[in-house]
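Got chain A sorted already, so can you dock chain B onto it with the hints?
These protein sequences, in sequence, are chains A and B. Number 255 in our numbering belongs to position 255 of the first sequence; there are no gaps in the numbering. Number 170 in our numbering belongs to position 170 of the second sequence; there are no gaps in the numbering.
Fair warning: there could be bad hints in the mix.
[Claimed, not checked] Which chain B residues face chain A? A few, computed with CB under 7 Å, are given here:
id, residue
1, N63
2, A67
3, V70
4, I71
5, G75
6, A76
7, V79
8, L82
9, M86
Derived from the structure by calculation, the hints contain no laboratory data. We put the beta carbon where it would ideally sit given N, CA and C, even for glycine.
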Amino acid sequence: MSGNYLLTAAGDPLYAGGVDWAVVIIALIKVLVAFGALMGAVTMMIWFERKVISDMQSRIGPDRAGPWGILQSLADGIKLFFKEDLIPDQADRFVFKLAPYLSVVPALLVFTVIPIGGAVTVAGHTFELQVADPPIGILLVLAMSAIGVYGILLAGWSSGSKYPLMSAVRASAQMISYEAALGMTVVTVVLVTGSLSTDTIVSSQSGGIMHWNVLRLGVVPFVLFMIAVVAETNRPPFDVVEAESELVGGFNTEYSSIRFAMFYLAEFMNTITMSAVMVTLFFGGPNGPVPNIAHLRWLFPILWFLLKTVIFLYVFVWLRGALPRLRYDRLMDLGWKRLIPASLAWLLLVAGFLISAWWGVAMAGAVILAAMVLNRSFQLGSELEINDRAVLPPVGRRPLSPKLLRDSTDGEESD
Amino acid sequence: MSTISLLASSATLPDLFVFIAGALMIVGGAVGVIVMRNPVHSALSLILTLFGIAVLFIEQQANFLAAVQVIVYAGAIVVLFLFVIMFLGVDRNEEFSHEPLAGQRILAVLLVLIVVASIIALGSEAHWTGGAHHVVGPTAGPYDNINALGRAIFTTYLFAFEATAALLIIAVVGAVVLARRSGSTTSDEALPTGEPGFDPETEEVDR
Numbered sequence: 001m002s003g004n005y006l007l008t009a010a011g012d013p014l015y016a017g018g019v020d021w022a023v024v025i026i027a028l029i030k031v032l033v034a035f036g037a038l039m040g041a042v043t044m045m046i047w048f049e050r051k052v053i054s055d056m057q058s059r060i061g062p063d064r065a066g067p068w069g070i071l072q073s074l075a076d077g078i079k080l081f082f083k084e085d086l087i088p089d090q091a092d093r094f095v096f097k098l099a100p101y102l103s104v105v106p107a108l109l110v111f112t113v114i115p116i117g118g119a120v121t122v123a124g125h126t127f128e129l130q131v132a133d134p135p136i137g138i139l140l141v142l143a144m145s146a147i148g149v150y151g152i153l154l155a156g157w158s159s160g161s162k163y164p165l166m167s168a169v170r171a172s173a174q175m176i177s178y179e180a181a182l183g184m185t186v187v188t189v190v191l192v193t194g195s196l197s198t199d200t201i202v203s204s205q206s207g208g209i210m211h212w213n214v215l216r217l218g219v220v221p222f223v224l225f226m227i228a229v230v231a232e233t234n235r236p237p238f239d240v241v242e243a244e245s246e247l248v249g250g251f252n253t254e255y256s257s258i259r260f261a262m263f264y265l266a267e268f269m270n271t272i273t274m275s276a277v278m279v280t281l282f283f284g285g286p287n288g289p290v291p292n293i294a295h296l297r298w299l300f301p302i303l304w305f306l307l308k309t310v311i312f313l314y315v316f317v318w319l320r321g322a323l324p325r326l327r328y329d330r331l332m333d334l335g336w337k338r339l340i341p342a343s344l345a346w347l348l349l350v351a352g353f354l355i356s357a358w359w360g361v362a363m364a365g366a367v368i369l370a371a372m373v374l375n376r377s378f379q380l381g382s383e384l385e386i387n388d389r390a391v392l393p394p395v396g397r398r399p400l401s402p403k404l405l406r407d408s409t410d411g412e413e414s415d
Numbered sequence: 001m002s003t004i005s006l007l008a009s010s011a012t013l014p015d016l017f018v019f020i021a022g023a024l025m026i027v028g029g030a031v032g033v034i035v036m037r038n039p040v041h042s043a044l045s046l047i048l049t050l051f052g053i054a055v056l057f058i059e060q061q062a063n064f065l066a067a068v069q070v071i072v073y074a075g076a077i078v079v080l081f082l083f084v085i086m087f088l089g090v091d092r093n094e095e096f097s098h099e100p101l102a103g104q105r106i107l108a109v110l111l112v113l114i115v116v117a118s119i120i121a122l123g124s125e126a127h128w129t130g131g132a133h134h135v136v137g138p139t140a141g142p143y144d145n146i147n148a149l150g151r152a153i154f155t156t157y158l159f160a161f162e163a164t165a166a167l168l169i170i171a172v173v174g175a176v177v178l179a180r181r182s183g184s185t186t187s188d189e190a191l192p193t194g195e196p197g198f199d200p201e202t203e204e205v206d207r
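The shape of chain A in the complex, shown without the other chains (with noise of 0.2 Å):
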């Protein structure tokens, strides 16, 4: 065991006793399982938005295919799969046809970490109910969300068009900027937990809800980690990216059929999968009392993850029918000016409050004092932006000078 630190620290104990035939089989019935619950959970979501934002917005929604049009998703699927696969003259065939799958594969890999339930034994072989325990965890669903980046640019990009480029350079930015807000709250929680593992995270939160990290550290972290999540998975109301008014549809525009479907897949994937991560993170995952049923106990862990998560995934929606689209500037400005500082201040906290009383008082000190140099520096920046010493100048000013407006034209304007 010494030296062995892959499975001291962390790890399935399904590789503890070496791997035969019977590990093998039930890693790969878990890789199955997993992907076939993360695309019914898809097209279960799909169907889910629509109908609640229908039912927000006072409409129907979609009744047609099966009951309560339950199977709509499904029938667009088919749909789009038929559909003529068509490529752009302009595009750069190669990326163009490589996007998409840099879009699902990362989304799919994010799933892997996640805990859906406890420790599960079966024909002598025990097993944690998620289909990857690797040591650094949390942070491969960092990694993994850096990637999908690419899908993005690189689809803007090859699709030779301007609208999908100007989407797709929105989006990275965008995508970029919140990242490090994102990682500097998983660092507050990798603090209370001493480890990047999905699955030490959710045992630390074991014991009751007052172990929850979203009451242990704070609830800031949690909004922190939410707004930031609802900008990485360009979600409304921080769809920029796809903001039809502007930019037609996004960078998506010149995609059709099933390269389109696979986008629209990777995105609703990722909310899904962020809400999981989000439970993971902050609200003990599937941690909930369990009863003492003979045979069932082992269903009860899977039953409240999926509470937990469907609740987020009404949170989502619930955003997207209610708050309208944040401009560009606004939210590099949130990203930027509000939530990363914020994030950094409060981590500071957490990691003073961790060693001692004092030391976290001192850190609070350091922060409000932070916070005002930081607050004054905005105030002599907006000042640069806006009046006489302007040294950028602003977007959207008059094209041409009055004297030529009136020159062109026949008199005075008519205002």
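Just chain B now, with coordinates in the frame of chain A:
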């Protein structure tokens, strides 16, 4: 435990396969960066190389380094490269027949030969160029990857760490100052008062 402790102690067959896959990714990507005509394709090849390095990190059980490699290099730095390429709007059919530096191809081949020869010569003398499993010694106990790294960075290499941080900050501030200065000179000359972008004295439209 057998498989994993075997992996840690010496190279095994799966170890070899992972190394070959990683090495192919690295070399193939590196060749692609040079060979590709389109700069965006070159950047994509660079991502492949960086991924290959992450694979080799995992193979050496440096899991944390692998994650950081993907997050920082593949996830952020190459995205910035792509940004610059896209903003500059490099033409896809750019002509590379004209060489600004005469004789650079022959020089490049010669220099590469010299570098490779010296690496091989060094490798036969010392062990560090070839790399070995757990060069820094075994890391026992829980969560060592990050623990060991954190301790090393914040104790032994604290000065280097802080110096790097300062260097990066200086670079960022310098970039901001340079970008702002060029903007402010034009606005000082062309936009003294009034409506920005429009000079009332010359009645000329700025930009």
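Status of each hint after checking the structure:
1. A least Cβ separation of about 5 Å between B:N63 and chain A falls short of the 7 Å threshold, and the interface hint therefore holds.
2. For the restraint placing B:A67 at the interface with chain A, the shortest Cβ-Cβ distance is roughly 4 Å, inside the 7 Å limit, so the hint holds.
3. Given hint, B:V70 at the interface with chain A, holds; its Cβ is 4 Å from that chain's nearest Cβ, closer than 7 Å.
4. Residue-level restraint check for B:I71 holds (minimum Cβ-Cβ distance to chain A is 5 Å; threshold 7 Å).
5. Hint on B:G75 holds. Least Cβ distance to chain A is approximately 3 Å, under the 7 Å limit.
6. Interface restraint check for B:A76: the shortest CB-CB distance to chain A comes to about 6 Å, inside 7 Å, so the restraint holds.
7. Nearest Cβ of chain A to the Cβ of B:V79: about 6 Å, under the 7 Å cut. The hint holds.
8. Interface hint at B:L82: satisfied, since its Cβ lies 6 Å from the closest Cβ of chain A, which is below the 7 Å cut-off.
9. With a least beta-carbon distance of about 6 Å to chain A, the hint placing B:M86 at the interface is held under the 7 Å criterion.
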